[in-house]
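Counting in my numbering, the sequence shown runs from 1 upward without gaps.
Simulated from the structure, these hints should not be mistaken for laboratory data.
Virtual Cβ for every residue (Gly too), placed ideally from N, Cα, C.
Hints are supplied without guarantee of correctness; some may be wrong.
[Claimed, not checked] Beta-carbon label-pair distances, calculated as ranges:
1. Asp49 - Ala85: 24 to 34 Å
2. Gln83 - Lys48: 41 to 51 Å
3. Tyr45 - Thr82: 12 to 22 Å
4. Lys68 - Val14: 18 to 28 Å
5. Thr55 - Ala85: 33 to 43 Å
6. Glu50 - Gly20: 32 to 42 Å
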Amino acid sequence: MTTTTPEKENKPPVATLRDGLVYAKIWARQTEKGVFHSVSFERRYKGKDEQWASTYSFNREDLLALAKLADQAHTEIGRLQTQEAA
(Lines of atoms letter the chains of each structure in order from A and count residues from 1; the text may use other names and numbers.)
(Lines give C-alpha, C1' and ligand atoms only; values in the text may rest on other atoms or scores of the structure.)
Protein backbone atom coordinates (compact mmCIF):
# COMPACT_ATOMS: atom_id res chain seq x y z
CA MET A 1 0.00 0.00 0.00
CA THR A 2 1.33 3.43 -0.92
CA THR A 3 0.67 6.34 1.39
CA THR A 4 0.70 9.88 0.15
CA THR A 5 0.30 13.23 1.80
CA PRO A 6 -3.27 14.56 1.46
CA GLU A 7 -3.49 17.54 -0.87
CA LYS A 8 -5.40 19.50 1.74
CA GLU A 9 -2.18 19.87 3.73
CA ASN A 10 -0.91 22.14 0.94
CA LYS A 11 2.76 21.33 1.37
CA PRO A 12 4.94 23.70 -0.63
CA PRO A 13 7.19 22.44 -3.40
CA VAL A 14 10.68 21.37 -2.30
CA ALA A 15 12.15 23.48 -5.11
CA THR A 16 10.94 26.03 -7.66
CA LEU A 17 12.90 26.72 -10.83
CA ARG A 18 12.20 29.58 -13.20
CA ASP A 19 13.10 30.68 -16.72
CA GLY A 20 11.30 33.89 -17.58
CA LEU A 21 7.60 33.30 -16.98
CA VAL A 22 7.90 29.49 -17.12
CA TYR A 23 8.17 27.68 -13.78
CA ALA A 24 8.98 24.14 -12.71
CA LYS A 25 7.93 23.07 -9.22
CA ILE A 26 9.42 19.94 -7.68
CA TRP A 27 7.21 18.08 -5.23
CA ALA A 28 8.23 15.40 -2.72
CA ARG A 29 5.89 12.56 -1.82
CA GLN A 30 6.69 10.27 1.11
CA THR A 31 5.70 6.63 0.65
CA GLU A 32 6.52 3.37 2.40
CA LYS A 33 9.25 2.86 -0.20
CA GLY A 34 10.82 6.27 0.35
CA VAL A 35 10.54 9.75 -1.08
CA PHE A 36 9.45 10.17 -4.68
CA HIS A 37 9.63 13.40 -6.63
CA SER A 38 7.44 14.80 -9.37
CA VAL A 39 7.52 18.02 -11.37
CA SER A 40 4.76 20.36 -12.48
CA PHE A 41 5.25 23.10 -15.05
CA GLU A 42 3.31 26.33 -15.45
CA ARG A 43 3.50 29.55 -17.40
CA ARG A 44 2.42 32.84 -15.85
CA TYR A 45 0.77 35.57 -17.90
CA LYS A 46 -1.28 38.70 -17.41
CA GLY A 47 -4.88 38.37 -18.52
CA LYS A 48 -7.11 40.97 -20.10
CA ASP A 49 -7.89 42.31 -16.62
CA GLU A 50 -4.14 42.79 -15.97
CA GLN A 51 -4.25 40.14 -13.23
CA TRP A 52 -1.61 37.39 -13.14
CA ALA A 53 -2.86 33.93 -14.07
CA SER A 54 -1.35 30.51 -14.80
CA THR A 55 -1.63 28.15 -17.72
CA TYR A 56 -0.33 24.64 -18.17
CA SER A 57 -0.09 24.69 -21.93
CA PHE A 58 2.86 26.18 -23.70
CA ASN A 59 3.44 28.13 -26.90
CA ARG A 60 6.24 27.45 -29.33
CA GLU A 61 8.19 30.31 -27.75
CA ASP A 62 8.00 28.60 -24.33
CA LEU A 63 9.36 25.22 -25.38
CA LEU A 64 13.06 26.02 -25.05
CA ALA A 65 12.53 27.38 -21.52
CA LEU A 66 10.43 24.31 -20.72
CA ALA A 67 13.17 21.98 -21.97
CA LYS A 68 15.83 23.83 -19.96
CA LEU A 69 13.70 23.66 -16.82
CA ALA A 70 13.04 19.94 -17.34
CA ASP A 71 16.82 19.38 -17.51
CA GLN A 72 17.40 21.50 -14.40
CA ALA A 73 14.59 19.68 -12.56
CA HIS A 74 16.19 16.34 -13.42
CA THR A 75 19.50 17.54 -11.96
CA GLU A 76 17.82 19.00 -8.86
CA ILE A 77 15.90 15.78 -8.15
CA GLY A 78 19.18 13.86 -8.37
CA ARG A 79 20.71 16.28 -5.86
CA LEU A 80 17.73 15.95 -3.54
CA GLN A 81 17.84 12.16 -3.67
CA THR A 82 21.56 12.16 -2.89
CA GLN A 83 20.95 14.54 0.00
CA GLU A 84 18.09 12.40 1.34
CA ALA A 85 20.18 9.22 1.13
CA ALA A 86 22.95 10.74 3.27
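Numbers of unmet hints, in rising order: The structure conflicts with hints 1, 3 and 6, although it agrees with all the remaining ones.
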